[in-house]
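Modelling step: build the complete structure from the supplied sequences, incorporating the hints.
Line by line, the protein sequences are chains X and C.
The opening residue of the first sequence carries number 2 in my numbering; numbering runs sequentially from there.
The opening residue of the second sequence carries number 4 in my numbering; numbering runs sequentially from there.
No lab work stands behind these hints, which were simulated from the structure alone.
All values derive from a computational prediction rather than experimental measurement.
DSS-like, lysine-lysine: derived pairs with alpha carbons at most 25 Å apart:
#	chain 1	residue 1	chain 2	residue 2
1	X	Lys153	C	Lys91
2	C	Lys107	C	Lys91
3	X	Lys480	X	Lys19
4	X	Lys363	X	Lys219
5	X	Lys412	X	Lys272
6	X	Lys486	C	Lys24
7	X	Lys153	X	Lys486
8	X	Lys480	X	Lys151
9	X	Lys248	X	Lys412
10	C	Lys24	X	Lys19
11	X	Lys480	C	Lys24
12	C	Lys91	X	Lys151
13	X	Lys486	X	Lys19
14	C	Lys91	X	Lys150
Spelled out from the first residue to the last, the chains are:
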Amino acid sequence: MQSVTDSFNNRARGYMRKLAWSVSIAFLKTFNESVGFFTLNSSLLDGGDLLKPAGGDVVQEWDKYNFVDYTSRLIDVSWESQFEDISSANSAIADIVLDNSDDYFTPGAGSMIDGYILPSRPIRIQAGFGSEVIPQMVGITERMPIIDKKNKTATFHCIDFMSVLFNREIGETSIYQNVTIDTVLADLFAQVGVLPSQLELDTGLTTLPFVYFARGTKLRTAVLKLVQIEQGKVFMDELGKIRFRNKNNVPTVPCWSFDYDRDIIDVETRKEDQLINSVTIRGKAREVQSSAEYWNSVESYEIGPSESIIIWANFDDPVTGVTTPTYEAGANSSFSVNTQSDGGGSPEASDVTLTDFDLFSKAYRMEFTNSDVSNTYYITAISLYATVAQVVANIDIIEQDDSSIESFGEKSLEIVNDFFQSEALAQTAAQDILTGYSGYDDIYEMSVKGNMALQLDDVVSVNLKTSYNNFRITRIVNKISNPAKFTQIIKLRSL
Amino acid sequence: MRMVLGGVLLPNPSSFKRSIKPNESNNITLGGVMYTDFINNRRSWRITWETIKYADYETVYDLYFSQYTNETYHYLQFDAYGLYVPVKIELSEENIKHNSVLIKDFYIDIIEANPFS
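In structure tokens form, the structure reads like this:
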């Protein structure tokens, strides 16, 4: 739950609740680096500095856009967020409908922002009660607006910044050794442009001996594989801060309550539709080995007088280091040069040298130069010693809840993830999933007298007169529309 | 009682009633408890003439249509209540009597443009 004042929560409980909201968009996408938190006697009134929200300690990069307030044009706004899957990340979307009777948002109509009515414009939504509004979502407009000529409106569909980041690719092949998940996450997010101040990451519970992501891997794929190890959660909060919660950092104490008489407008109950009673986890666990001979050339390479040639060594496994080859080094990386391609001529020890080299995760590039201006030589053998992340264990486990299978039939989930470093780790993860999903737990979908401070993963107590239990919020849908209607629908799962 | 609408002094009405309409929604929980979410309130006034001369009626009629031709609201000035606010004018039906000389039971609703909290 977002930190709010007592008066905010009192208003949320009140009989008469004055709704408040704001929507601002940065169509021009100009950036104001100097934006900070408002300081009395220092900041300009109505200037760019932000009122510090309760619990907000860092101005987020998203806040530094020059946002323009469009609240007076707002007709309708809805926003929702949910956890997508088991131990996963959340996504948030929003739809805002703005008055467009003057074609202000119509592309090509010549308004002040014409030319800037484009996808990916930063947007910020806030809502609350009375004079207190709190952040609800920061994100971007996903597409061009939908212009309704008859009703004179412009509708923008928005996604949160997390969705944008997740679609980005890791810029360089990334290898990590003996790290916890939070270290990897921090580096991956840095690669897609997120500052450390925008992250709040729990320390991971597991030390991973080896983690490898090829260049071009989508950030979503990489992050979900990591959180799968610990059944953790990665999400962006309403302030735009990216958080990682390990599985021990899960709220268990209710922060809010819903009462049949006082708060619940409608409720649908059903059983969990995502039953899992059989979990298979497969993967190839790797560990980095000590330096050993790993690659040998299979052909002879001709190098003419005063010539340079490039030779590539391609590896089957990720490699963290290669000893630089030297001429006939013996029990180490080496190369041999001869006057004949079959090695039957005279060895040549000085004119052909390794002049450049580069290590990639699964390849090694060597450049050799022949300084002899008259003679052609042959590189007859290359041997590379490398520290290789080799497969040390093929993980293939299956955990089942027999009584659930007997009652409901087998409902299986297969996970393929090379970062489970041991069968024990995989079994623990599988058992965690079974504990959560092997029974038809209660799912409640309730329309409630809402509180905009509620967040995903919050625990709430629900009194339905016939039952009283605690639940976890897995989805929140909020909508403010005319006339003065605030609707909040929450999806709950029993703990 | 001196009322000026769009710069025109209105003939003395038979009645001048104010109403306040809230911009709100009432919600009922499963237990039957009601709560209200609201944004603001809006004032409106009904000015009624039991009998009005046709010439005065035409003046009001012209004010009404000039909203559309000039694409703007008029201002209501009513010093007795300290009012000077932009309003929208809506007409009632005409009940023409006595050979188009008098109009009976004619009223206008004037709705304040800006809400108040």
